[in-house]
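Based on these hints, arrange chain L on the given structure of chain W.
Protein chains in written order, with the working numbering: chain W, 24 to 319; chain L, 52 to 544.
It should be emphasised that the hints constitute simulated quantities derived from the structure, not laboratory data. For every residue, glycine included, the Cβ atom is placed at its ideal position computed from N, Cα and C. A few of these clues could be false.
What the hints assert, rightly or not - Quick list of simulated restraints, FRET-style, between CB atoms:
1) 162(W) x 294(L): 50 to 56 Å
2) 86(W) x 159(L): 40 to 46 Å
3) 163(W) x 241(L): 54 to 60 Å
4) 526(L) x 72(W): 18 to 24 Å
5) 156(L) x 162(W): 37 to 43 Å
6) 461(L) x 161(W): 55 to 61 Å
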Amino acid sequence: VTDSIQRRSGPLFAAPALLGLVVFVAVPFALAVVLAFTNLRLGSPLPTEFVGAEQFRRIFAEPAFVRALLNNTLFALVVVPLQTLLALALALLLHQRLKGRAFFRTLFFAPVVFPLSLVAVVWVLIYAPGPEGMMNGFLRAVTFGAWIPRDFLRDPVLALPAIMLTSIWQGAGFQMVILLAGLQGIPGELYEAAAMDGAGRWGQFQHVTLPQLRNTLSFTVLVTSILAFRLFDQVQIMTRGGPRNATTTVMFEAVQASFGRQQVAKGAAMTVVLFLVVLAITGVQRWVARQGREVG
Amino acid sequence: MQSGIAERLGEPAAHYMLEISLLQVNRKRRIVPHRPRRCLIDGLDVLKMENEPCWLWTRPIRKTEIVLSNYVLALLLAFVLLGCEQQQPPGAVPHLSVWAHAGQAAERKVLEKQVQRFNVQQDDLRLDLTFIPERTYNAQVQAAAIAGDLPDLLELDGPYIANYAWQGHLVTLDDLLSRAIRADLLPSIVAQGTYRDRLYGVGAFDSGLALYARRDVLDQAEIRIPQHPRGAWTRDEFDALLLSLRDSDEDGAVLDLKLNYPDEWFSYAFSPLIQSAGGDLVRRDDYQSAQGALNSRGAVLAMTALQGWMQQGLVDPNLDDAAFVSGRVALSWAGHWDYPRYKDALGDALALVPLPDFGKGTRTGQGSWVWSITRKCSDPEGAVRFVEFLLQPAEILAITETNGAVPATRSAIALSPAYREGGPLHLFVTQLAEGYAVPRPQTPAYPVISSAFRRAFADIRSGAPVRQVLDDAVVLIDQDIRDNQGYAPVEDP
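Excised from the complex, chain W in its bound form:
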């Protein structure tokens, strides 16, 4: 009897978590995949039919969705490296024995704590058009009056960079904390040994810090890339995808289709595409990381 109790206790303990995973992750995702091949509309009394790949054909024929994929890619290509570099620089600075280190750590981490929607609203005010806008005023001051005030969030060229800047400002603190933890995990002896071998500050950074941080760095890069493809809040609040789709993203399009226009099947097809893209990126990054490990 004790034997069977022992054997069933494992699955029993795992059951609540597994149940949660199945109900809240596996089932909704499987449903999204199935729905993407139907014509389901939110609340429609018309029967739902399977329409094959029609939704996928349509979203790729839609200029807004194609632009959204491009915007997400561009966003990731710019934000991931910039944000990681900034976070690394901040982490390295705050890893030293500075006066007021705790204060600065709190300061740089603070944007992460604010709700993204609040941050977005504040940045809308910063980007206010006209000479009274903070960003316009700042640029005017640093260019000694040469800057002509622009309406950042309605400018087809500047809107996406404006959102990128907001996102980097908001997200760098989180990466910084993780990198800081990684830095603190590097044993001091390694630096001592490197110093004995005659390595300078740059040499220590190159041959001790970076290799030791590799796992932490690849984690932060991966997480930031995934977040970059899920970009939504800033777009929803700051630009609503405009001007002329310059800042639209896959998530924004999916939400618009599903809840604005009640076209749930189309929204599901978009999220399936998004999932495949993120999966591919994760795969590529894992592969790159493995290559690096083999070389090292």
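For chain L alone, coordinates are given in the frame of chain W:
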């Protein structure tokens, strides 16, 4: 007894410890558990020999799975039992559930009081009021509709009535609402609540648009101030007056279009200009296409004019929602709800003017929150009693004096100091009662139409070619109508 339970609870834990120590021994001495075990190999339930590590390559018997499924069943049963507990005991006064949008705090309080007053008056009926946040109201109601969890009585945003009626969630009020009250309603209230010639919703108040103007600034520029919708500024007049106002303005922006507002504002506020120019959001004869309506000459004309004002810098972006009260602009294209704030700021200098006439007469937006009875309502007669209660002049005034909206019935208007004949806001009543107000299209396609138009407006604002943007919006709308088989009525279930 108690000690017995403790023993039984302690048993697996003790066994677990034993097992760990055994495993440790195994790892060191390569000795495996000595007891024979039952294992499943290729579907056969066999007894394992001693000294064979069965847990490495076999699967435990199905008993575990049975236990697991029992566990899940027990959990489900627990949920069901908990759910049942909340149901009312039989034989009590019937309760009707009511959902309303959570507006301003003061507005909420008035509605709460109204429900209380109604409950006190009734001895055979009780209402339970639930507030739902305004910004996500429609999404939540739609979700509840899909889950079959709609309340008995429901507040809806006017233009969504057609969609809910088409989905089969609403009952018609034609045979429920008393004729006297119906005859007293403003024509705009009946128009917005009607879908396919049947009334599905009535509101206690309506809305309206106008241009708020600084009388002193207009007088200085020698601009005439129209009093009646008939005398609205023409397009040429309006263009000219914007330019003449600009000459004496500090930053050149003289018009506030409330560009800081979200979403629905754009369809609500600017489709009237399209209609005034002879266009529309969709063809209203059969609601089967937007072709020739949203991309008609009139629509292109109106949207080009709007784009022109914005590109010439005549429009204040109004990020702080204070363009008019702080004196940055002389004109504000706004709803009735801004009156109290504007009046406080300007006093007697505030003038109320109809929107410009782009050829077919001035047009205004209309429509607000309405009450509908759902198909799952157990007592439609009781529910309509509450709607009629809310439409009594005193109750209408209680809510409209709080939210500033236009009272829905003529008898309430006659009692309202602000809206009655000669009152400062009577222009809104004239517009609604004399055919200057156009309901947003009463078709289930409205959410798609509004979404497409909003996007078009945003693109036009950022300088996109008007005709092309409107053509794209027409394609989006028409495709949705086709996808839904023309939104033909669906057979009653």
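Status of the hints after comparison with the structure:
| no. | hint | result |
| --- | --- | --- |
| 1 | 162(W) x 294(L): 50 to 56 Å | 31 Å, violated |
| 2 | 86(W) x 159(L): 40 to 46 Å | 43 Å, holds |
| 3 | 163(W) x 241(L): 54 to 60 Å | 55 Å, holds |
| 4 | 526(L) x 72(W): 18 to 24 Å | 22 Å, holds |
| 5 | 156(L) x 162(W): 37 to 43 Å | 41 Å, holds |
| 6 | 461(L) x 161(W): 55 to 61 Å | 56 Å, holds |
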